[in-house]
Amino acid sequence: MRPPRRLVRAAALLASAGLWQLLTSQHVRLWVRFDHLPTAVEVWRAFTARLGTAEYWQDLADSLRRIGGGFLLAAVLGVALGVLTARSRWAADLLGPVLEVVRPVPAIALVPVAIMLFPENEQGIVFITCTAAFFPVLVATRHAVRAVPPLWEEAVRTMGGGRARVLWSVVLPGALPGVVGGLSVGIGVAWICVISAEMVSGQFGVGYRTWSAYTVLDYPGVFVGMATIGVLGWATSGTVELIGRRLTAWLPPAAAGRSAAPAPVRPAPAVRPARQEAGV
Amino acid sequence: MSLRLTARGLCLGHPGHPVLDGVDLDVAPGEVLTVVGVSGGGKSTLLRALAGLLPPLGGELLADGRPLRGPGAERALVFQEDGLLPWRTVRRNVELPLAVRRTPRAERSGPVADWIGRVGLAGLERRLPRELSGGQRQRVQLARALVGAPRAVLMDEPFGALDAQTRAAMQQLLLSVWEKERCTVVFVTHDVDEALLLGDRVAVLGGGTVAAVHAVPYSRDPAARSEPAVAALRELLLAQLSGAGRPVPEEGSP
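Taken in sequence, the protein lines are chains A and B. Under the numbering used here, read the first sequence as residues 1175 to 1454, first letter to last. Under the numbering used here, read the second sequence as residues 126 to 379, first letter to last.
Hints listed in this document are in silico derivations from the structure and should not be mistaken for laboratory results. Beta carbons are placed, not taken as given, at the ideal position from N, Cα and C, and that holds for glycine. Incorrect hints may appear among the rest.
Said to hold, decoys possible - Listing some non-contacts, in silico: residues in chain A with all C-beta distances to chain B over 10 angstroms:
hint: 1; residue: L1225
hint: 2; residue: L1325
hint: 3; residue: L1425
What the hints assert, rightly or not - Label-pair ranges, simulated between beta-carbon atoms:
hint: 4; chain 1: A; residue 1: L1268; chain 2: B; residue 2: G183; range: 33 to 39 angstroms
hint: 5; chain 1: B; residue 1: E232; chain 2: A; residue 2: R1277; range: 47 to 53 angstroms
hint: 6; chain 1: A; residue 1: V1272; chain 2: B; residue 2: H142; range: 34 to 40 angstroms
hint: 7; chain 1: A; residue 1: L1416; chain 2: B; residue 2: D239; range: 37 to 43 angstroms
hint: 8; chain 1: A; residue 1: L1291; chain 2: B; residue 2: L187; range: 48 to 54 angstroms
hint: 9; chain 1: A; residue 1: L1416; chain 2: B; residue 2: A289; range: 42 to 48 angstroms
hint: 10; chain 1: A; residue 1: R1420; chain 2: B; residue 2: E232; range: 27 to 33 angstroms
hint: 11; chain 1: A; residue 1: L1268; chain 2: B; residue 2: A293; range: 36 to 42 angstroms
What the hints assert, rightly or not - If we take Cβ atoms under 7 angstroms as the criterion, some of the chain B residues that face chain A in the derived model are:
hint: 12; residue: L178
hint: 13; residue: L179
hint: 14; residue: L182
hint: 15; residue: G197
hint: 16; residue: L202
hint: 17; residue: D207
hint: 18; residue: G208
hint: 19; residue: W212
Using the sequences and the hints, build the whole thing.
Printed below as a string of C-alpha cells:
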C-alpha cells in the first residue's frame, strides 16, 4: 500500500531542509557558493526566537491586513468588471482599451504612482496589491463568462427571467469555476506584490522586516522572512483553493484537484446553503 | 388553457441568409404537432422562434392571435441535452421556473415534489445532474418545463440522444403527462417513427419552408404502425424528407 500522501509531502519538505543543512554546514562551493548562507539549523533557531517576539506577529498582522484588503478589493472589482466587459459591448469598448494598456505594467512599477496618489504608504501598498491581483481575476472572469453555454441562459430566459435573473442564476454560478482559477492566481501575485511593495516603501510588515534584516547583515533573519512568506502564501492560496473547491463541488470529480487539504466527504451538504442563497 | 401558435409568412435566420422563409403554420390549442426535417433544415430555428429567443426577420408570429414578443413562461422549452443547470440539484432545477417568477418559497415545494414524482424521480431530489443518467436528466427537464403549468411546451429533439429503450419509455411518459395536461406541444425530431407516434399532425420542413403538414391517423398507438394508412404516411414522409433540399448530408438518421 502507498504511504499516506501527507506523510510523503512532509517528508519532501524535511528532505529539502536536510539538503540545505548539508550544503551550508559543509560550506559547499561549487559554482554557486553555499558557505555564506545560514544553515537550516541557524534559520530554525532564529525562527523560533522570532516567534516569541511581539514584533513578529505585528509584522504578520500588517502584511495579512494589506493583502487581505487588496485581494478582496481586487476580487470584487475583477469579477464585477470581468462580467461587465464580457456581457456588455459598451463596457468592452469603453473599459477594454484602458484595462489592456494598464495590464502589462507590472504592479510594482506603480510604486511611484502610489506614493504620489495616496497620503499614506499603507494605502499605496494596498493599491499595488489590489492592482496586481485584479488583472488575473478580471481576465479569468471575462473568459469564464464568455464560456458559459448559451443554452443555460436561454433556459432561464424562456422561464421569463430578465437580465438580473440571468446574471444571478446563470452567469455568476456558471462562471465560478473560471473565477476561482483567477482568484487562485491572483492571491499568488498579490503576495509577490505586497512583499515587494513593503520592501520598497513599507513600514513594518514581513517584506519590510526581511529587507531590513538584509541591510543589517542578519542573514538568518532574511531566511526567517522568506520562510514566513512561503508559509503564509501557501496557507492563503490553500484557503482560496479550498473555498473554491467547495463552491464548485458540482463539477465532475475529475476537474476538482486532489490536495493535502481534507476533501469534504460529502460535498453536497456543505455547499447547499450557498446554493440556496445564490438561487433566490 | 392551452396556447394557439400561428406563423404567417414567417422568415427566420440571419439577415440576408434566411434559414426558413414563407412559413405558414397553425398549431391548435392542446394539439401535439411534430416537426420533422433533415439536419440543418431549420427545425431548431423554428422552435427557438416560437420560444421567443429568435426575432423573426419577416412575417408574423402569433400566440393566441397576439404578436409574440420575446420569451415568456407560458411557453416552456425542453432542450436535447445539457439544458439543466449543473450546480443545481434535481429539486432546485425543477424549482427554477417558480423561483424566476417569484413564487413564494412555501408554494413551490408542492408542485416541485409533485412533478418530480410524476416523472418518476422521487428520492433523487438531492442529486446533481451529473449524478443522473441521460434519461433521468430528460425527466428532470420535463418536470422543469411543466412545473409552472405552461400553456405550450416546445421540445427540441428531447429524446434524440437516448438509447432506444429509454427513448420509448420517455415517449410514453410524455404522452401520459400530455393526456392529463393537454397543453399545446410542438415536438421537433428527425425520427419519422417518433413523429408519427406522438403527433396529431406532422409538419415536414424542407426547401427552407414547411413543405407539408399531414394529419396522423391512429396516432399514439404503437400497434397501429402496421396499419396501412400509417405505413403509407410513413413512406410518404420518408420520401418527402429524402426529396427535400438537404444543405447537410444526412448521416445515421433512422
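Results of checking the hints against the structure:
no., hint, verdict
1, L1225, "holds, 42 angstroms"
2, L1325, "violated, 6 angstroms"
3, L1425, "violated, 8 angstroms"
4, A:L1268 / B:G183: 33 to 39 angstroms, "holds, 34 angstroms"
5, B:E232 / A:R1277: 47 to 53 angstroms, "holds, 49 angstroms"
6, A:V1272 / B:H142: 34 to 40 angstroms, "holds, 36 angstroms"
7, A:L1416 / B:D239: 37 to 43 angstroms, "holds, 38 angstroms"
8, A:L1291 / B:L187: 48 to 54 angstroms, "violated, 60 angstroms"
9, A:L1416 / B:A289: 42 to 48 angstroms, "holds, 45 angstroms"
10, A:R1420 / B:E232: 27 to 33 angstroms, "holds, 31 angstroms"
11, A:L1268 / B:A293: 36 to 42 angstroms, "violated, 55 angstroms"
12, L178, "holds, 6 angstroms"
13, L179, "violated, 10 angstroms"
14, L182, "violated, 19 angstroms"
15, G197, "holds, 6 angstroms"
16, L202, "holds, 4 angstroms"
17, D207, "holds, 6 angstroms"
18, G208, "holds, 5 angstroms"
19, W212, "holds, 4 angstroms"
The structure is inconsistent with the numbered hints 2, 3, 8, 11, 13 and 14, although it conforms to all the rest.
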